[in-house]
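K.L.:
Chain by chain, the residues run as shown.
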Amino acid sequence: MKRPKITKRIVRNQLVAYSFIIVSLITLLVLVYVPMLTTIRYSTYKVGLVGYGEKFVGWANYKMLFSQKAFWKSITNTIILAVMGLLTIPVGFILAVLINSLGRGRTQEFFRVGFYLPNIITGVSVYLIFQVVLMGSGGLLNNFLGKIVGHPVTIGWLSNPKYAKVGATILWVWMNAGYSMLINLASLQAIPTDLYEAAALDGATAFQKMLHITIPNMKACFSLLFVTGMINGLARFTDIYIISGSNTSGGAGGSLQTILMYIFQYSFETPNYGISSAGAMILFVLVFAFTMINVRLTGFLKDEV
Amino acid sequence: MKRAKIQKIMITLVLLAIFIIVITPLLWAISMSFDRSATTSLPPFSLWPHKPSMFNYTASFKMINLMQYFKNTVIIVAINTTLAVLFSMMCGFAFAKLKFVGKKFWFIFMLAVMMVPFESRLVPLYLQYRNWKLLNTWWPLILGQFAYVYGTFFARSYIGSIPDSLAESVYIDGGSEWRVFWSVIVPLSKPIMSTLAILQIISNWNAYLWPLVVIKDYSKQMISVGVAMFNAQQESFYYGPRMAVSVMSAIPLTILYLILQKHIVASIAVSGIKQ
Amino acid sequence: MKKVLALTLTLAMLFVMCIGGSAFALDENEKVTLHLYGTANFVDVGPDGVTDLVSGVEMPGYNELISYWNELHPNVEVVVETCPWDSWLTSIQTAVLSGGVDIILHGATLTELCEPLDDYLAADPEYADTIFATENKRFGELDKTMVAGIQYVIEPSIAYIDTDILEHYGVEVPDASWTWDDLIAIAEKCTGTDPVTGKQTYGVQLCYTHTQNIFQNYYQLAMAYGAAPITYGKTAAESTIDVTGEKMLDIFTKIQKLAECCAPNVREGVNVNMDLNAENDTAIRWRTLAYDQYRKAVAAGIDDHFAFIPLPVIEEGDAAGAQSTYFGSYNMAICNTSEHKDWAWEFIKFVTTNEKAVEWTLATGGIPNCGYGMELLKEKMGDKANGPIQVLETLPDGFCNTTNVWYDNVNFGTFSTYLVTVLKDLVYGNITPEEAIANWQANIDDYMASIK
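Protein chains in written order, with the working numbering: chain A, 1 to 305; chain B, 1 to 275; chain C, 1 to 452.
Just so you know, the hints here were simulated from the structure itself, not pulled from any lab data. Watch out, some of these pointers could steer you wrong.
Unchecked claim - Heads up, simulated SDA-like pairs for lysine to any residue below, C-alpha to C-alpha not over 20 angstroms straight-line:
{"#": "1", "chain 1": "B", "residue 1": "K99", "chain 2": "A", "residue 2": "S19"}
{"#": "2", "chain 1": "B", "residue 1": "K133", "chain 2": "A", "residue 2": "V34"}
{"#": "3", "chain 1": "C", "residue 1": "K452", "chain 2": "A", "residue 2": "Q68"}
{"#": "4", "chain 1": "B", "residue 1": "K97", "chain 2": "A", "residue 2": "S19"}
{"#": "5", "chain 1": "A", "residue 1": "K219", "chain 2": "B", "residue 2": "K99"}
{"#": "6", "chain 1": "B", "residue 1": "K103", "chain 2": "A", "residue 2": "L29"}
{"#": "7", "chain 1": "B", "residue 1": "K104", "chain 2": "A", "residue 2": "L15"}
{"#": "8", "chain 1": "C", "residue 1": "K199", "chain 2": "A", "residue 2": "S67"}
{"#": "9", "chain 1": "B", "residue 1": "K2", "chain 2": "A", "residue 2": "S137"}
{"#": "10", "chain 1": "C", "residue 1": "K257", "chain 2": "C", "residue 2": "G398"}
{"#": "11", "chain 1": "A", "residue 1": "K162", "chain 2": "C", "residue 2": "K257"}
{"#": "12", "chain 1": "A", "residue 1": "K63", "chain 2": "C", "residue 2": "K452"}
Note that the structure is predicted; figures quoted are calculated from it, not measured.
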């Protein structure tokens, strides 16, 4: 008598739960997973322009990519740039600590809003400005540095292969530090104040408080920024493309060519869609592997699901 | 006490110095938008226009149908943000509070999407919309919003922190999960919803490549693509008008952010970012 | 002279229309819609025209052009859709993919999408004679060429020489018979502090160092010295590319020498102003768009201070004696999926040869690709038109602009994009000519090995 009722309730609960997520799941299935299958298929075909004939070639596209030094270089570039881009985390943390120490009030709000502005105003126009900010001869940054050190500075932040990644990272940090600051600040403010009070009673210095209370309590915040920062960093494209002078081979001796730029040149410039699909799959595997390692490393998402 | 005050002033000054450095490129952009001498090359750096003028603004209104682009963008951003926030809240609720078969699988199914850069599925997605005969409509811009993965992730942590006891009274009254969602979860989730809204608004407002590709008819086009019309020729930009349009298109975003920013900090503090 | 030419042209047009009409069976009563998609000057001027933000020159929109067409062919409606230059190759490819495009504006580089026009031209010898150049490309079978599109604007690179600066340094203004060595000598002399004004001047502005078009510097020198690194086989895999050797080293060394006479922002390729301007500090610069530059100079009241002359002569190879140059263009290609190819061809002929259409083209700032265009150019620019005209008249028959023995941006993957990278590095001073060549060759070898 009772059994069917329970089963019925279980089924009902399942249906209700699924009613919340089903639309999103279908959307992802149709708009992300199905296109990805298409990409996998194309990656084993020789396709020039899509829709203009295709021929099955098996692993040839992958082989072609792996045999190219330029492709390996673009992978290295992407990883180095993504790792350097993680600089946004400490920068955001320091800003957040400084802003937090002001105490709640107008000043804090001002900086909280102000430092987030670069996240709001993005796009090609900003990248164009940064080309000039970071240029070697008479660029804004060099002029500023020149005033500090007392003699002219002519570092080609985007033109010299030695510095180009630093220049690109400056832009990345500028664009993303506000977001990182915001997340850091919110996490800082979520640390229970009694922890600090107890530490103060024990006579802890500010540095000790930072080391033993603040940083351990920020672990979740750092792992979130670390994991998402790597994901976004590995998929960097538009900003680097523009500051490289809209050249998919990457500025400064190719030292700024990311995987997406490499793929893009085969998608639309010298169209060979099969190769670019294979590149996209390799990028996906790379991002996936990195994310898994990072998730393990940081304990991010642990016991959450 | 005094020492604390001096320390505070010092910190404020340091922050102010950093802030000025950070904000300088943006101030320069604003200055250039009022500068008649910013044409196909950038004038030397100055926070005050070399030749102050409204020319760039009047020219940009004359050269492209700016008001139409603005209107379209506002409509699309409003629709998309509403959809994205609503559906990410729904998913967030399900993953945080409900038990169902395959929960873990579907959560990973969603998170994996974060790792597929949009550029790499642009062409297949385009082909799909072509087959559905939906190109040159707003549907390709809207349909993707029925799943907002980052949002789901944040909403799930936030909703997870809402105590179950609040929902119990609804269940006791015989209310369904949907009633809990609407009468308990949504009213308590204003901060996270504001956060997701502003993130969505910013990314929708600035989206370029996808609207460029799917919409050919300029009367349906977005402001971000409008900005790109200011290329003097293939390889040169009209800096002044570009900056003018960028400044104009950033104003509504900045105002919205000012209104919503308090909720944003509150929401991040509560959501699962803490241990 | 002009009238006679115009009359002949109109007669020729009428003749072509009658003959062509029967040959291609164009039905004047058939209701047809032609869809044009792409960039070119259509996006520059828009439907209703624009005022150039630098010179203040008014330019007519494309609706004007279409109204002329409809006077002749009221049955053929023309619908234009343009895309911005940002990511334009992406826009065009996706638009063609979704179907319904008849003419691709500026699409001849996308050879795979283009209807080969060789047969159309062969059936229309009269028309073929009226235009100077066609978009010849190597594609598929590389030992042959195909006509992928027709330029309605043709833009030879021309040198613009600031005669004031040359005079101040006591250097004579060269004529069209100069060599690249002469050019370098002038550039080196004119770099420094101007003896008259006391201002810093630069000998040269290498062209387009801020964009991918920086390759044009290599292109022009390679043309002048008959460099032929590419040996075409039947396919890309059967072709060989060797950019090493004395000749190439000489070319890259010359580029390096020229780079040393450039302003720092030009060497770095950031925020470069290539337009002729009143604050000019550069003795020699070169680029396409001679008529547009002329109008800008006139608007700024500085046209008297500049000489327009062809780039140095070609010293070696089959084309020796002609002028080295790079041709920019705005072209039209017939999309190979079009259902109205005959009308599309008719429209292209109209744009390239109809008198009003040619006048429209010139008014948008482009040099039209036909004899009548040259007449108009002479009328507008006076003596300064001689430079571009001389280059066009010495153009070898069947010239392949972007798929030839020294430059190919269609068939060899990263050959052309990597050239941009090494040139940027060379011009900025990161690497020596030897390193530039070695890097380029390594990249080429890498690519060629991967397609074998």
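K.L.:
Regarding the pair K257 (chain C) and G398 (chain C), is the alpha-carbon distance no greater than 20 angstroms?
P.N.:
33 angstroms, violated
K.L.:
Is the hinted pair K162 (chain A) and K257 (chain C) satisfied, with a Cα-Cα distance of at most 20 angstroms?
P.N.:
With a Cα-Cα distance of about 23 angstroms, the restraint between K162 (chain A) and K257 (chain C) is violated, given a limit of 20 angstroms.
K.L.:
Taking only the CA atoms, is the gap from K97 (chain B) to S19 (chain A) under or equal to 20 angstroms?
P.N.:
Holds, at about 14 angstroms.
K.L.:
CA of K104 (chain B) to CA of L15 (chain A), is that 20 angstroms or under?
P.N.:
With Cα atoms ~16 angstroms apart, K104 (chain B) and L15 (chain A) stay inside 20 angstroms; holds.
K.L.:
Next pair to validate is K99 (chain B) with S19 (chain A); report whether the Cα-Cα distance is within 20 angstroms.
P.N.:
13 angstroms, holds
K.L.:
For a C-alpha distance cap of 20 angstroms, please report whether K2 (chain B) and S137 (chain A) respect it.
P.N.:
46 angstroms, violated
K.L.:
Is it true that the CA of K103 (chain B) sits at most 20 angstroms from the CA of L29 (chain A)?
P.N.:
16 angstroms, holds
K.L.:
For K219 (chain A) and K99 (chain B), compute the direct alpha-carbon distance and say whether it is at most 20 angstroms.
P.N.:
This hinted pair is violated, its Cα atoms lying about 28 angstroms apart.
K.L.:
Please verify whether K452 (chain C) and Q68 (chain A) have alpha carbons no more than 20 angstroms apart.
P.N.:
12 angstroms, holds
K.L.:
Quickly compare the C-alpha distance for K63 (chain A) and K452 (chain C) to 20 angstroms and report which way the hint goes.
P.N.:
11 angstroms, holds
K.L.:
Holds or violated: K133 (chain B) and V34 (chain A), Cα atoms, limit 20 angstroms.
P.N.:
17 angstroms, holds
K.L.:
Does K199 (chain C) pair with S67 (chain A) here, judged by a C-alpha cut-off of 20 angstroms?
P.N.:
52 angstroms, violated
Checked against the numbered hints above, the structure violates hints 5, 8, 9, 10, 11; every other hint is satisfied.
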